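One line per chain: the protein sequences are X and P, in this order.
With the working numbering, letter number 547 in the first sequence gets 547, and the count goes up by one each step, no holes.
So the working numbering is basically just the index in the second sequence, starting at one, shifted up by 569.
Simulated from the structure, these hints should not be mistaken for laboratory data.
Just so you know, these numbers come straight off a predicted model, no measurement behind them.
Each residue gets a CB set at the ideal place from its N, CA and C atoms; glycine is no exception.
Now the in silico label distances, taken between C-beta atoms and shown as ranges:
{"hint": "1", "chain 1": "X", "residue 1": "Pro436", "chain 2": "P", "residue 2": "Ser589", "range": "45 to 51 Å"}
{"hint": "2", "chain 1": "X", "residue 1": "Met292", "chain 2": "P", "residue 2": "Glu647", "range": "22 to 28 Å"}
{"hint": "3", "chain 1": "P", "residue 1": "Ala648", "chain 2": "X", "residue 2": "Gln198", "range": "31 to 37 Å"}
{"hint": "4", "chain 1": "X", "residue 1": "Tyr495", "chain 2": "P", "residue 2": "Glu647", "range": "55 to 61 Å"}
In silico DSS-like pairs for lysine-lysine, Cα to Cα no more than 30 Å straight-line:
{"hint": "5", "chain 1": "X", "residue 1": "Lys17", "chain 2": "X", "residue 2": "Lys41"}
{"hint": "6", "chain 1": "X", "residue 1": "Lys175", "chain 2": "P", "residue 2": "Lys641"}
{"hint": "7", "chain 1": "P", "residue 1": "Lys635", "chain 2": "X", "residue 2": "Lys17"}
{"hint": "8", "chain 1": "P", "residue 1": "Lys631", "chain 2": "X", "residue 2": "Lys187"}
{"hint": "9", "chain 1": "X", "residue 1": "Lys187", "chain 2": "P", "residue 2": "Lys641"}
{"hint": "10", "chain 1": "X", "residue 1": "Lys143", "chain 2": "P", "residue 2": "Lys731"}
{"hint": "11", "chain 1": "P", "residue 1": "Lys731", "chain 2": "X", "residue 2": "Lys175"}
{"hint": "12", "chain 1": "X", "residue 1": "Lys531", "chain 2": "X", "residue 2": "Lys378"}
{"hint": "13", "chain 1": "P", "residue 1": "Lys631", "chain 2": "X", "residue 2": "Lys557"}
{"hint": "14", "chain 1": "P", "residue 1": "Lys631", "chain 2": "X", "residue 2": "Lys143"}
{"hint": "15", "chain 1": "P", "residue 1": "Lys699", "chain 2": "P", "residue 2": "Lys671"}
{"hint": "16", "chain 1": "X", "residue 1": "Lys175", "chain 2": "X", "residue 2": "Lys17"}
{"hint": "17", "chain 1": "X", "residue 1": "Lys222", "chain 2": "P", "residue 2": "Lys631"}
{"hint": "18", "chain 1": "X", "residue 1": "Lys142", "chain 2": "P", "residue 2": "Lys635"}
{"hint": "19", "chain 1": "X", "residue 1": "Lys297", "chain 2": "X", "residue 2": "Lys225"}
{"hint": "20", "chain 1": "X", "residue 1": "Lys195", "chain 2": "P", "residue 2": "Lys635"}
{"hint": "21", "chain 1": "P", "residue 1": "Lys731", "chain 2": "P", "residue 2": "Lys641"}
{"hint": "22", "chain 1": "X", "residue 1": "Lys175", "chain 2": "X", "residue 2": "Lys143"}
{"hint": "23", "chain 1": "X", "residue 1": "Lys142", "chain 2": "P", "residue 2": "Lys631"}
{"hint": "24", "chain 1": "X", "residue 1": "Lys132", "chain 2": "P", "residue 2": "Lys641"}
{"hint": "25", "chain 1": "P", "residue 1": "Lys635", "chain 2": "X", "residue 2": "Lys297"}
{"hint": "26", "chain 1": "X", "residue 1": "Lys195", "chain 2": "P", "residue 2": "Lys631"}
{"hint": "27", "chain 1": "X", "residue 1": "Lys378", "chain 2": "X", "residue 2": "Lys504"}
{"hint": "28", "chain 1": "X", "residue 1": "Lys195", "chain 2": "X", "residue 2": "Lys297"}
{"hint": "29", "chain 1": "X", "residue 1": "Lys222", "chain 2": "P", "residue 2": "Lys635"}
{"hint": "30", "chain 1": "X", "residue 1": "Lys143", "chain 2": "P", "residue 2": "Lys641"}
{"hint": "31", "chain 1": "X", "residue 1": "Lys187", "chain 2": "P", "residue 2": "Lys731"}
{"hint": "32", "chain 1": "X", "residue 1": "Lys195", "chain 2": "P", "residue 2": "Lys641"}
{"hint": "33", "chain 1": "P", "residue 1": "Lys635", "chain 2": "X", "residue 2": "Lys187"}
{"hint": "34", "chain 1": "P", "residue 1": "Lys631", "chain 2": "X", "residue 2": "Lys297"}
{"hint": "35", "chain 1": "P", "residue 1": "Lys635", "chain 2": "X", "residue 2": "Lys132"}
{"hint": "36", "chain 1": "P", "residue 1": "Lys635", "chain 2": "P", "residue 2": "Lys731"}
{"hint": "37", "chain 1": "P", "residue 1": "Lys635", "chain 2": "X", "residue 2": "Lys175"}
{"hint": "38", "chain 1": "X", "residue 1": "Lys337", "chain 2": "X", "residue 2": "Lys225"}
{"hint": "39", "chain 1": "X", "residue 1": "Lys142", "chain 2": "P", "residue 2": "Lys731"}
{"hint": "40", "chain 1": "X", "residue 1": "Lys143", "chain 2": "X", "residue 2": "Lys17"}
If you want the building blocks of each chain, they are given just below.
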Amino acid sequence: MVLTGAEIVVRCLQEEKVEYVFGYPGGSVLFLYDELFKQDKIRHVLVRHEQAAVHAADGYARTTNNVGVAMVTSGPGATNAVTGIATANMDSIPLVVISGQVPTGAIGLDAFQEVDMVGITRPCVKHNFLVKDVRDIAATLKKAFYIARTGRPGPVVVDIPKDVTAQRCEYEYPKSIHMRSYNPVTKGHTGQIRKAVQLLLEAQRPMIYAGGGVVLGNAAEKLTKLARLLGYPCTNTLMGLGGFPASDKQFVGMVGMHGTYEANMGMHYSDVLLAVGARFDDRVVGNTEHFMQESRKIIHVDIDPSSISKRVRVDVPIVGDLGEVLDEMISQLEASKERPNAEGLAAWWRQIDEWRRRDSLGYKNSDEVIKPQYVVQKLWEVTGGDAFVATDVGQHQMWSAQYYRFDKPRRWVTSGGLGTMGFGLPAAMGVQLAHPGSPVACITGEGSIQMCIQELSTCKQYRLPIKILSLNNRYLGMVRQWQELFHGNRYSESYMDSLPDFAKLADAYGHVGLQITKPSDVEGAIREAFKRKNDLVFLDFRVEQTENVYPMIQGGKGLNEMILSAEGL
Amino acid sequence: MRHVLSLLLENEAGALSRVSGLFSARGYNIESLTVAATEDASMSRMTILTTGSDEVIEQITKQLNKLIDVVKVIDVSEAPHIERELMLIKVHAVGKDREEVKRLSDIFRGRIIDVTDSSYVIELTGTQEKLDSFIGAIDAGLILETVRSGVCGLGRGDRVLKI
Ligand SMILES: Cc1ncc(C[n+]2csc(CCOP(=O)(O)OP(=O)(O)O)c2C)c(N)n1
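Isolated chain X (complex conformation) (with noise of 0.2 Å):
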């Protein structure tokens, strides 16, 4: 049947199952919208800024396993959606994002609201595609979304200049797909596989560490029958949260530069350690030469060969889907008659259990004033652990990872890749759709909300009931803390003036607000928000001006070098 570019290009979404488009009119995407107007099939979610809308399809991406689709019109929309894409991209999250262009015959004239789209992604996405050719959308719509959520998944832009929405072809979407130049490897290695298996069972002081590719190759079930199988501790990356059951008495907490005392004592002493979706990132091992000073085993698994050994030389490298590769190592030992040295395994849980004695998260509470720590553990309990988070960047961040315990997968929503302030309020919009119904909150901090706070009106738009929790200390509370840590006190720009009254502002927009000042009031507020289930409730903490997330590591140091609290220092 012959259609135009416009609707050949919503014929394909519609084909990918695509629930929702989150995205922002303009002339160059006006065929498009066009035929999202003729159409039922397909939500359009207006958002109120383009960063909003690829924040928004990425939370819905991380939270349900589909690729999110964002649409965004040429030139400023295009360059509003870099950050998005940016995030996506850090965080191998899923994503196929249409952006308009200029007609073909004015592409590099500098025609009104002409930007090279393709150019200025091409460091921070998975691939993109410039289409000139009407007969190429389906195909290419097709590329992208394979492309999007196979192997290590990431954002794919298609740039589809206006006239080319406007002309007509044949269309048929293609069945399937044969890239030669892209065929992720699923499968790992068996010689690999059992020289891994064998290395684990020989450790006298193992270790699981566990990134969010267990997360995203949904492998956190498998991950988990492994560990236990073994009886070995396990951590998690920030990204990973969730990706085995924190309430897991082998789990040991978050590794990395906020991550518990024993995670990263037992990463740095391990004899054995077992990376899994995992890239031992600057902010999980600080100092690689440091961390190489102990002699240890790495196994590393990942379906990204150049995540392997690109920071940390490893011995055991495997390729392949994580879920492929743990069922593969957990029939091997399965079959296997060997098992783990239960004396040394016991010796090492001694170990552990006494780093843990040191009590790492613990903090002083106090009557007089909300700690925000207190904020998240009292979400936590209120919630049952079971709510979606979603969190913008900073201290409220970290405190987050801490003290909200994520048994599951899929529910921790935070940009741990780019760090990008402004995400968490957009990215929870798209996770309260993808779930509608379920408890969705928004911990945020008060510089980072007011990065898209304007989504507060999205939120109207369509009802979304989000829970927003602002641990508000009147400072950009991280740059704050690293001012006081390394800079002599000098808080240069990091104090936040001048701020208005949140409480009111969420009532401008037509929602709830509530301040809160003191520690009794915390509960009783959250549980108040929760029980307005149709209500977007946004909870104005004013927290401890200056408290600081402890453990940590400074830049440079190493894993066993951590500062516990500020006495530490």
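Starting from the structure of chain X, add chain P with the ligand where the hints point.
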């Protein structure tokens, strides 16, 4: 260490910028880069001369493979191989220099492909080293301009880069 990487890539708009962008974004060295279509018009072959430790070269290879447009990557220089580079060099040639330049060109098996009253253009093919030593041999004051194609290479014998 010096390495010669050979890539087959889809002959798509922008494929070259993906490769060169990767090198600049990740801080890898490019000493030379050449690219042109192959006998199969849908594919280009690129040769990159780069330097780096074994770890860096391993990362470069992996990162190149990760690019969606890249079909195949090999390190030509890790086994016996042939390298060639083309240079065109324009030299000032008057008086006794005319004879001298001609003689030098003959020694290096160069060909003079353009002649004027005052200059020659010499075409020279060979390894990077050979071209360098030609430049070293000729009086620097005589050189008007040079242009080099960058290194290209392939494996000896049965070693073939093909899909
Ligand atoms: C877009 C963006 N700009 C700047 C930063 C640098 N930065 C990291 S944390 C932070 C402070 C965040 O303040 P707030 O949202 O109030 O959270 P808090 O740390 O106080 O919990 C800043 C400015 C960033 N991560 N993202």
